[in-house]
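Trainee: For reference, the chains in residue letters:
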Amino acid sequence: MATSTTSSVYIHVIEDVINKVREEFVNNGGPGDSVLTELQGLWEMKMMHAGVICGPIERSSAPKQPAPGGPITPVHDLNVPYEGTEEYETPTAEILFPPTPLQTPIQTPLPGSAATPLLGSADNSSMYNIPTGPSEYPTPVSDSGGSSDVKGGRQYMPSPSPTPWMSQRPPVVDVNVAYVEGRDEVDRGSSQQPLTQDFFMMSSGKRKREDFATQYHSSGYIPQQDGAGDATPGFLQVSKGSDSLAGRGTVTSAKREMLACGTRSSSKIPQLDGPIPDPYDDVLSTPNIYNYQGVVNEDYNIVNTPAVNELQAGTPAIIAQQDVVDDDDDEPLNENDDDELDDVDQGEELNTHHLVLAQFDKVTRTKSRWKCTLKDGIMHINNKDILFNKATGEFDF
Amino acid sequence: MATFELYRRSTIGMCLTETLDEMVQSGTLSPELAIQVLVQFDKSMTEALETQVKSKVSIKGHLHTYRFCDNVWTFILQDALFKNEDTQENVGRVKIVACDSKLLTQ
Numbered sequence: 001m002a003t004s005t006t007s008s009v010y011i012h013v014i015e016d017v018i019n020k021v022r023e024e025f026v027n028n029g030g031p032g033d034s035v036l037t038e039l040q041g042l043w044e045m046k047m048m049h050a051g052v053i054c055g056p057i058e059r060s061s062a063p064k065q066p067a068p069g070g071p072i073t074p075v076h077d078l079n080v081p082y083e084g085t086e087e088y089e090t091p092t093a094e095i096l097f098p099p100t101p102l103q104t105p106i107q108t109p110l111p112g113s114a115a116t117p118l119l120g121s122a123d124n125s126s127m128y129n130i131p132t133g134p135s136e137y138p139t140p141v142s143d144s145g146g147s148s149d150v151k152g153g154r155q156y157m158p159s160p161s162p163t164p165w166m167s168q169r170p171p172v173v174d175v176n177v178a179y180v181e182g183r184d185e186v187d188r189g190s191s192q193q194p195l196t197q198d199f200f201m202m203s204s205g206k207r208k209r210e211d212f213a214t215q216y217h218s219s220g221y222i223p224q225q226d227g228a229g230d231a232t233p234g235f236l237q238v239s240k241g242s243d244s245l246a247g248r249g250t251v252t253s254a255k256r257e258m259l260a261c262g263t264r265s266s267s268k269i270p271q272l273d274g275p276i277p278d279p280y281d282d283v284l285s286t287p288n289i290y291n292y293q294g295v296v297n298e299d300y301n302i303v304n305t306p307a308v309n310e311l312q313a314g315t316p317a318i319i320a321q322q323d324v325v326d327d328d329d330d331e332p333l334n335e336n337d338d339d340e341l342d343d344v345d346q347g348e349e350l351n352t353h354h355l356v357l358a359q360f361d362k363v364t365r366t367k368s369r370w371k372c373t374l375k376d377g378i379m380h381i382n383n384k385d386i387l388f389n390k391a392t393g394e395f396d397f
Numbered sequence: 001m002a003t004f005e006l007y008r009r010s011t012i013g014m015c016l017t018e019t020l021d022e023m024v025q026s027g028t029l030s031p032e033l034a035i036q037v038l039v040q041f042d043k044s045m046t047e048a049l050e051t052q053v054k055s056k057v058s059i060k061g062h063l064h065t066y067r068f069c070d071n072v073w074t075f076i077l078q079d080a081l082f083k084n085e086d087t088q089e090n091v092g093r094v095k096i097v098a099c100d101s102k103l104l105t106q
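So the sequence lines, in the order shown, correspond to chains A and B.
Under full-length UniProt numbering, read the first sequence as residues 1 to 397, first letter to last.
Under full-length UniProt numbering, read the second sequence as residues 1 to 106, first letter to last.
For reference, chain A alone in the conformation it holds in the complex (with noise of 0.2 Å):
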């Protein structure tokens, strides 16, 4: 079925091609006239057959129009990126995918986190947001935080102030952000061994531990002795930590006896049997223990924290081993949004008759509203063309 608008329009179409290519077939010793109008023949019977045109064409024995176009003018390379102005709402490539993701510097703690592993959590909750990048879509406020700093001043943020309310930030651990292990291990090693060392230094003093510290520094275990206890629960505590890191190997001394010491602290547990595997890691994970990690705050007992075991933190197999955590976590996201795309894509190129070519105006989008305004489109629908000079679109998402 044709409409006869369309018939009429695509014959319109067919004898303005035949007539500006003429002078191309009959001159420079091109095939003829007879070719051309085998080619228009073919043409014009090919349309009738796909029932786009209403046959008989009253033959206008082609008038000979002055072809006003002049030379020909090159088709508009698609492929070349469009740099035009930036004044219409359509996201460009740059806005929906911005070439570096932004990165606030946020690694340096903040003053006085360093002793508590609270506040160095928080950290490593802004830290763990970066690998995000910016996103498109606004994201709650309320999610602690840590997404809104690394996407200030894109287009969709609706928070404004990227940095400033970092140093206003309470000692909260996100649970929101997937913890990854190891990354807070290197930041600590890193930049917060100054801090520890002056709270070594304050709070040892109240504890009369002055004589180990040189003996941390070089043997890189702690000698628990200022408190009785014997080496038993010591040794529960190294098999749990290690059954609940199921293998995952490298951890910081400093956590190991942030975490033994404050778990220990109450019966007095003096540790001799070298570094633990850290429960703390999965401390962290869970709000519910996270409140008995104030406890532990309370007790100074980051005290026995030596900085050279805190330099351990940064060895190159903690590095590995965050690899191996961010491609568990990267992989099967990007591997499951490409087939889908995929699958559509092929699902739609055998399947679809039904297709729309046209010029947009202007796409805009409010949450998963979508309007766009199109224009001069050939559409060809339940085996119909139809051709519109304007057309406005309206879709939920």
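These aren't lab readings, by the way, just hints derived from the structure by calculation.
The beta carbon of each residue, even a glycine, is placed where N, CA and C say it ideally should be.
Incorrect hints may have been included.
Unchecked claim - Calculated lysine-lysine pairs in the DSS-like style (CA-CA distance at most 27 Å, straight line):
no., chain 1, residue 1, chain 2, residue 2
1, B, LYS83, B, LYS56
2, B, LYS83, A, LYS367
3, B, LYS54, A, LYS390
4, A, LYS371, A, LYS390
5, B, LYS102, A, LYS362
6, B, LYS83, A, LYS390
7, B, LYS60, A, LYS384
8, B, LYS56, A, LYS390
9, A, LYS375, B, LYS54
10, A, LYS371, B, LYS56
11, A, LYS390, B, LYS102
12, B, LYS56, A, LYS362
13, A, LYS390, A, LYS375
14, B, LYS102, A, LYS367
15, B, LYS83, A, LYS375
16, A, LYS390, A, LYS367
17, A, LYS371, B, LYS102
18, A, LYS371, B, LYS60
19, B, LYS54, A, LYS371
20, B, LYS83, A, LYS362
21, A, LYS384, B, LYS56
22, B, LYS54, A, LYS362
23, B, LYS60, B, LYS83
24, B, LYS54, B, LYS83
25, A, LYS46, B, LYS54
26, B, LYS83, B, LYS102
27, A, LYS375, B, LYS102
28, B, LYS83, A, LYS384
29, A, LYS46, B, LYS60
30, B, LYS60, A, LYS390
31, A, LYS362, B, LYS60
32, A, LYS375, B, LYS56
33, B, LYS102, B, LYS54
34, A, LYS367, B, LYS54
35, B, LYS60, A, LYS367
36, B, LYS102, A, LYS46
Said to hold, decoys possible - Have a look at the derived ranges for each label pair, beta carbon to beta carbon:
no., chain 1, residue 1, chain 2, residue 2, range
37, A, LYS367, B, THR28, 55 to 63 Å
38, A, MET45, B, GLN88, 30 to 38 Å
39, A, SER368, B, VAL24, 43 to 51 Å
40, B, ASP70, A, SER8, 31 to 39 Å
Position chain B relative to chain A; hints supplied.
Mentor: Just chain B now, with coordinates in the frame of chain A:
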């Protein structure tokens, strides 16, 4: 006047392409000339849509997929409803491909 090759995928464009293919294969037409015909078609089709078509259409539907790549928007709609002055059409799945109109007016 710049043009899009977009409309070559329409029925009239496909018919022309097939015709040119056959004639080039049979040797009656040189490939260069065939390209010139296609380029002229791009111009004529764009011009005809601008000058001869006045109808307005509204499209509603569920947006299944959207994509903006190389200044071309692609939408895949589900359960779309097309309305113009005389008729309306329901389509289970339709693809919309739209080039940036500002590219032509530059």
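Trainee: Now tell me if each hint is right for this structure.
Mentor: Comparing the hints with the structure gives:
1. LYS83/B with LYS56/B: holds (8 Å)
2. LYS83/B with LYS367/A: Measuring from Cα to Cα gives roughly 25 Å; hence the hint holds.
3. LYS54/B with LYS390/A: holds (8 Å)
4. LYS371/A with LYS390/A: Since the Cα atoms of LYS371/A and LYS390/A sit roughly 13 Å apart, the hinted pair holds (cutoff 27 Å).
5. LYS102/B with LYS362/A: holds (10 Å)
6. LYS83/B with LYS390/A: This hinted pair holds, its Cα atoms lying about 12 Å apart.
7. LYS60/B with LYS384/A: Measuring from Cα to Cα gives roughly 18 Å; hence the hint holds.
8. LYS56/B with LYS390/A: Roughly 5 Å between the alpha carbons, so the hint for LYS56/B and LYS390/A holds.
9. LYS375/A with LYS54/B: Since the Cα atoms of LYS375/A and LYS54/B sit roughly 10 Å apart, the hinted pair holds (cutoff 27 Å).
10. LYS371/A with LYS56/B: Answer holds: LYS371/A to LYS56/B is near 15 Å, not above 27 Å.
11. LYS390/A with LYS102/B: Measuring from Cα to Cα gives roughly 15 Å; hence the hint holds.
12. LYS56/B with LYS362/A: holds (16 Å)
13. LYS390/A with LYS375/A: holds (4 Å)
14. LYS102/B with LYS367/A: Cα-Cα ~25 Å, so holds.
15. LYS83/B with LYS375/A: holds (15 Å)
16. LYS390/A with LYS367/A: Roughly 24 Å between the alpha carbons, so the hint for LYS390/A and LYS367/A holds.
17. LYS371/A with LYS102/B: Holds, because 18 Å separates the two Cα atoms, which is no more than 27 Å.
18. LYS371/A with LYS60/B: holds (9 Å)
19. LYS54/B with LYS371/A: This hinted pair holds, its Cα atoms lying about 21 Å apart.
20. LYS83/B with LYS362/A: Roughly 19 Å between the alpha carbons, so the hint for LYS83/B and LYS362/A holds.
21. LYS384/A with LYS56/B: Roughly 16 Å between the alpha carbons, so the hint for LYS384/A and LYS56/B holds.
22. LYS54/B with LYS362/A: holds (19 Å)
23. LYS60/B with LYS83/B: Roughly 9 Å separates the two Cα atoms, so the pair holds.
24. LYS54/B with LYS83/B: holds (14 Å)
25. LYS46/A with LYS54/B: Roughly 26 Å between the alpha carbons, so the hint for LYS46/A and LYS54/B holds.
26. LYS83/B with LYS102/B: holds (25 Å)
27. LYS375/A with LYS102/B: holds (11 Å)
28. LYS83/B with LYS384/A: holds (13 Å)
29. LYS46/A with LYS60/B: violated (32 Å)
30. LYS60/B with LYS390/A: holds (14 Å)
31. LYS362/A with LYS60/B: Since the Cα atoms of LYS362/A and LYS60/B sit roughly 16 Å apart, the hinted pair holds (cutoff 27 Å).
32. LYS375/A with LYS56/B: OK: LYS375/A and LYS56/B at ~9 Å, within 27 Å.
33. LYS102/B with LYS54/B: holds (19 Å)
34. LYS367/A with LYS54/B: violated (32 Å)
35. LYS60/B with LYS367/A: Holds. LYS60/B to LYS367/A sits at ~16 Å (cutoff 27 Å).
36. LYS102/B with LYS46/A: violated (33 Å)
37. LYS367/A with THR28/B: 55 to 63 Å: holds (56 Å)
38. MET45/A with GLN88/B: 30 to 38 Å: holds (31 Å)
39. SER368/A with VAL24/B: 43 to 51 Å: The hinted range 43 to 51 Å holds for SER368/A and VAL24/B, with Cβ atoms some 47 Å apart.
40. ASP70/B with SER8/A: 31 to 39 Å: Holds, since ASP70/B and SER8/A (Cβ atoms, about 33 Å apart) stay within the stated range.
When the structure is compared with the earlier hints, violations turn up for hints 29, 34 and 36 and for no others.
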